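**Student:** Residues per chain are reported as follows:
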Amino acid sequence: MDTQSLRRCGAYVTIAALVAATIAMSVGGVSSAAPSGHAAKRKSLTLKDSASLHMTRKNGNVIYEKGTATGTLPGTVTARFVTGVTKVTGTVTLKPYSGGSLTVSCVGYPQSAATITRFTGSLAVRKGTGRYQNALGSGTFSGTANRRTWAVTVHVNARITY
Amino acid sequence: MRFRSRRPAVRGVLCALSAVAALAAMAGSSSAVGPVRVTTRFDADAALGSATAVDVGLQLDPSAATQPLNEVRFAYPRGLGVVSSGLGLAACTRPASDFVKVLITGPRLGGCSPNAVMGIGTARALVKLTTGGQVIPEYASVTLLSGPLARGSLGLVAYVDGRHPFGAKLAFAGEVRDLPPPYGGELTVRLPPIPGIADLATIYVVDMHLTIGSHAIRYYEHRGGRKVAYHPEGVLLPTACPPHGFRFRARVGFVDGTTRTATTSVPCPSSVATLSSGR
Chain A
1 MDTQSLRRCG AYVTIAALVA ATIAMSVGGV SSAAPSGHAA KRKSLTLKDS
51 ASLHMTRKNG NVIYEKGTAT GTLPGTVTAR FVTGVTKVTG TVTLKPYSGG
101 SLTVSCVGYP QSAATITRFT GSLAVRKGTG RYQNALGSGT FSGTANRRTW
151 AVTVHVNARI TY
Chain B
1 MRFRSRRPAV RGVLCALSAV AALAAMAGSS SAVGPVRVTT RFDADAALGS
51 ATAVDVGLQL DPSAATQPLN EVRFAYPRGL GVVSSGLGLA ACTRPASDFV
101 KVLITGPRLG GCSPNAVMGI GTARALVKLT TGGQVIPEYA SVTLLSGPLA
151 RGSLGLVAYV DGRHPFGAKL AFAGEVRDLP PPYGGELTVR LPPIPGIADL
201 ATIYVVDMHL TIGSHAIRYY EHRGGRKVAY HPEGVLLPTA CPPHGFRFRA
251 RVGFVDGTTR TATTSVPCPS SVATLSSGR
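Just so you know, the sequences run in chain order A and B. Letter by letter, the first sequence follows residues 1 to 162 in our numbering. Letter by letter, the second sequence follows residues 1 to 279 in our numbering.
In short, the hints are calculated from the structure, not lab data. Computed from a predicted structure; not experimentally measured. Keep in mind that the hints are not guaranteed to be accurate.
[Stated by the list, open to error] So the derived list for chain A, only partly shown, Cβ under 8 Å to chain B, looks like this: (1) Asn59; (2) Gly60; (3) Ile63; (4) Ser112; (5) Ala114; (6) Arg118; (7) Gly121; (8) Arg147; (9) Arg148.
Beta carbons: idealized from backbone N, C-alpha and C, even for Gly.
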């Protein structure tokens, strides 16, 4: 087979593969089409929750908290916050009473150095379990923290797909 | 006598120097050999995972120092719970003009809340008079207070309260900022010249001692309608020790632009607290 024939054959194979892939995607085929099929089934959720947390322990500049959330997804909340001078970063896990869990990364900024300080920040949904195992999303939050007791109240607005 | 006519100003200078020294004392213990020596230690019974006072001492060799200080920076190690401590629950806010004139009047702490106090200590400075070359030691108490949050840093106010023989009150501004690892943050206090006394005397801070989270600090809170005093929780140690101990760094700046840096590592406490401890 000469070089030109080989190139022509390769082109046919490529075209055939693309056609096959297109067909597979359009009919929700198995294996390679699975991610697209899954994406088609994704649900979206506007999360509006409020949570009250209390400190469970400290480890240097790290504060651990837990509490409960009410709102769109009521449930229990655990959190780990790394405190900096002007910002706090952390990981928060929400376990809705209805099942599954959502874990978000967050960064918050205190607004004052008072005992009761307001804060605002943003969050990104990082992972989940159960029905939320493929969850993605982002949002904002605001609240207050008592720097004497580290009791925290926070209000979250987030858009999530799962 | 010219000096006598400006005694209040000289007092201010002395106090300013004392404040600088106190700030320098916030730096870690120094292994550096030279005009600056810093020592840092925790409570004798400090345990990993518990709160401790951080005791900082700064000694400057006046025979080697040819310039007054104008800035002191003190970096503390990553993982140390300064923000998560119970310190600095109020913000001391002073007009910017106070930090320009340095010499202030007013009640103790300049009227700021005692709940803003983060550290207390002492300082000693040598005042070398321009005329006659007389050297007068001045002793002062130093108080470090938290200030307002602004522009990516937490403000600091350092009060120097001269005790003997001058007794002036000085206020210096500073801030705390986050630092990249291996440090967690850095406290800075700026020590500008005190207006009007530069031609009268030169002040050399020779010894400073500051205890952040000192057990002598008292805060107040309302419980059941009553104002109750308590000891705020000190600086929180993590439960795991850094590989080479807790590293501190002090940087001292002089008016001619030169700097001196000293670093140290505080050894790891041998015990570990089972729970985060308060006081």
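**Student:** Each hint: holds or not?
**Tutor:** Now for the hints, and whether the structure bears them out:
1. For Asn59(A), the shortest C-beta to C-beta distance to chain B is roughly 5 Å, which falls under 8 Å, so the interface hint holds.
2. This hint holds: Gly60(A) has a C-beta 3 Å from the nearest C-beta of chain B, less than the 8 Å allowed.
3. Contact between Ile63(A) and chain B, as hinted, is supported at the beta carbon level, the nearest pair being about 5 Å apart and thus within 8 Å.
4. About 6 Å separates the beta-carbon of Ser112(A) from the nearest beta-carbon of chain B, less than 8 Å, and the hint is met.
5. Annotation: interface hint on Ala114(A) holds; nearest CB of chain B at approximately 6 Å, less than 8 Å.
6. Because the closest C-beta pair between Arg118(A) and chain B is about 11 Å apart, greater than 8 Å, the hint is violated.
7. The interface hint given for Gly121(A) is broken, as the beta carbon of that residue sits about 14 Å from the closest beta carbon of chain B, more than 8 Å.
8. The interface hint given for Arg147(A) is met, as the beta carbon of that residue sits about 6 Å from the closest beta carbon of chain B, less than 8 Å.
9. Contact between Arg148(A) and chain B, as hinted, is supported at the beta carbon level, the nearest pair being about 6 Å apart and thus within 8 Å.
Violated hints for the displayed structure, listed by number in ascending order: 6, 7.
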